[in-house]
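**Student:** Please arrange chain D on chain G, whose structure you already have, making use of the hints.
Chains as they are written, first to last, in numbering that gives the first Met the number 0: chain G, 0 to 217; chain D, 0 to 680.
A few of these clues could be false.
[Claimed, not checked] Straight-line C-alpha distance at most 25 Å; calculated DSS-like pairs for lysine-lysine:
| no. | chain 1 | residue 1 | chain 2 | residue 2 |
| --- | --- | --- | --- | --- |
| 1 | D | 644 | G | 214 |
| 2 | D | 108 | D | 382 |
| 3 | G | 23 | G | 211 |
| 4 | D | 376 | D | 591 |
| 5 | D | 376 | D | 108 |
| 6 | D | 645 | G | 214 |
| 7 | D | 376 | D | 461 |
| 8 | G | 211 | D | 382 |
| 9 | D | 62 | G | 214 |
| 10 | D | 622 | D | 461 |
| 11 | D | 608 | D | 622 |
| 12 | G | 55 | G | 203 |
To be clear, the hints were calculated from the coordinates, so they are not data collected in a lab.
No experiment lies behind these values; they were computed from the predicted model shown.
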Amino acid sequence: MENYYDLLSVLILLSSFVLVANKKTNAYIKTFRIQSAFIALTAGIMGWSSAVNEGKYDILIVCAIIVALKVIYIPHLLNKTYGNIEYRIEKDFFLNIPILIIICCGLVVFSYFSVSNIGTLTGFHINHQVVNSFSVVLIGFFFMISRKKAIGQIIGYLVIENGIFVTAMFSTHGMPFIVDIGIFIDMITAVMIMGIMVTRINVKFESINIDKLSKLKG
Amino acid sequence: MSWLTPDYLMNWSIIAYLAAAIAAVIFYGRPHLCTLLAQSGCIIASVLGAASAFSMLLTGREKLIISQLETSIPFISIDLTLDALSAFFILILSILVCCVSIYSFGYIKHYHGKRNVSAFHILYIGFILSMFFVFSAGNAVFFFISWEIMTVISYFLVVFESEQDGNEKAGLIYIVMTHIGAAFLMIAFMIMFVFTRSFDIFGSSDAIPDFAKNLMFIFFLIGFGVKAGVVPVHIWLPYAHPAAPSNVSALMSGIMIKTAIYGLIRFVLCYLNIQDTWWGILILCIGILSAVLGVAYALMEHDIKRLLAFHSVENIGIILIGLGISFVAFAQNNGFLGSLALAASLLHTFNHTLFKGGLFLGAGSIQYAAHTRDIEKLGGLIKKMPVTAVLVLCFSLAISAIVPFNGFVSEWLTYQSLFTVIVPGQTGINIISILSIAALAMSGALAAACFVKLFGISFLGKARSEYALSANEVPASMNVGMGILAAFCLTIGIFPMFFLKLIDKVVFNISGIIVTGELQGGFLMAWYPVSVSGNSITPSAIFIASAIILICAAAVIRLIGGKASNRKYGTWDCGFGELTPRMQYTATGFTKPLRIVLRILYRPGRALKTEEGDSSYFPVSQKYSVWTEPVFEKYVYGPVLTNVKKFSLRVKLSVQTGSTHAYLVYIFITVLALMLYNRLT
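This is chain G alone, in the form it adopts within the complex (with noise of 0.2 Å):
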């Protein structure tokens, strides 16, 4: 069974570089939608042994839930939000791929040499699939910090969450359910009020750029 885990952890570290990697900005929302529907099948692997060992179908509706909200709901509703906003080819990142590409190793090596000391989590031996998916938050993060558009920063906020999420799984095989519940409402929030502002931002400033934020600063 560790073995699958093992597979997928890096499978979905691989579709975070894959995102980093990513030129244009409709090719995030695929690549997000790539990396949580491994995120279910983590899920559902890992909600199958449950139910099978112990009678527990939580993770399963969880998983159930995944799909139905990472793989379905939120990139459809990304995509719509951004059909509404004119389509323009412009550079969207600051450094190029290569070199973000190279810094995401750098990342993955950081995480390697902080998490990999964490005693309770790991026992004695490196949990290499907790290692990989806190790579997953700080890539998240760097990515938010790369893209110039809002849509990144959204991307990039949902890559971060998926990444603490498979962490968390990673590290107690199943979580409280109510947890996980709590967790996908505040995403869907935090998706709905980014859709919203993204709108309103491209109302204001005709662009997504959210550089021209600082326009604001009084």
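**Tutor:** For chain D alone, kept in the frame of chain G given last:
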């Protein structure tokens, strides 16, 4: 006689203050009744407070716990504890409050109908109560809370006449300065807690290591120094005192800045137990600096209240000189000298409360009658307001340390302790004390000159403006309030032994040594001579002698001169025509010699502006202006402020860019740094 015990009276005093405040709230809409009830409440409360403190001092109890209310918040408890030192300060607070409240009956009248009198009374009572709690606080947390309440309420009182220009700035300078001081106090209390695990003021400081004690001393000195207004942190005084209403500035200058003296004695002397000689020497040096510079700047001021504010700096300096010597002596285990100097400094604290309170009230009367504080616009007030004039003269004599008023007694005691400090074999302290004798003498002389200016220009001569012409005598209650203070000044001056014995109880409580025994008392409790250094003096004898000389002189003149007849005629004007008020000596002119002598201090400048007419021989107008530089503000505070402003602007432009990415980067770096920290520790 259970109802005469100090704690019982003290409780009733606090209740009376609260009742006065409540009365002020209830009669919000009726200013006359509001003033009457609130101020009578204060008078009753202060009489009770004075009686309580007095009986506490007379019975000579060690320590008296009035109330201890624990709250559910850790460390915060309402803890009122009296010992002789607190009782002494509550006594002087109560005496001053009683007189100021009597004065306020009349003074507040000019607010009626114009301002929210009820709010004023509530602030006024809150201010008094907070000082009350500062003096009687039994633990450091409650002390600090009361201290801050006192600061905040006095800020609101400073800006009470908010419509006048400059009051807002005055309030700002005041609150910023005192908060910097309060920050230092807080650090000192935290150090105290770290080592002793207790905030008890009366506890022992043995557990604190020497280094921390030195640090605490420095912090206490800065914290209390700001409140006391010692040079170089005095700059708030000359702004805040003139801005506040006069009865409030009497309280602020009379007793609020003394809370700092109380704090220094309480924490440095009683709690920390002087540990090194340099503590006392540092305080002594600060005292000398304040005494000389305070009076020097006072000389150049023509605004009565600013002038008096600078005199507060001077007198705090004199008090600190006494305190400094006492600390030096205690550090050298010279108990008697320490006690003598402490008594001198406490007596001067008491005296300064009386005469400075009185002087501010007098300034208030002048402002009330003439609607101006500018000395150059006054003149001839002695004919319009004779009672006020006599009272202000009394206070001026007292502050200039002239026999038979009280200022003389305490300054003389300070001199005596300075002389006694000089013993062969300790060069450094000898030189400092010789220098401080000289400085004290100089500040005394300059103070006398300053009050000759104040009294001479504003009360004598002819009226210099419409303001002075239209002045009338103030309401009787104002003069009664000042009169009581003047009576105290005179009584202490003539019968100092009685008051010294009171102070002796305080000193005995601290050091265990009785001073008055060595000062040989006797005739009318007034011989007061000292065998300390072979000098002796008796103010009452001087008083009696001068009275006899006056009577004799009058009799001789009468005998020789016979009956003289009065003939009223105008002053000879040298044939120029009528004499005008503009021909009189001005305050600027009066201080010119001193401005030239002390120009290194004042950096005076002058300019003559001429508006040319048709011919250069007939200019249309000429304007002559003279100024002195505020050295501390220009060369110390100015550069600091400019740099802080520059730095803030640079930070604002470089850190607070408004770019979302920059903020994200800050958060990201913080997260990484925290992870790294977690890994490395």
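**Student:** Which of the numbered hints are not met once you compare them with the structure shown?
**Tutor:** 8, 9 and 12
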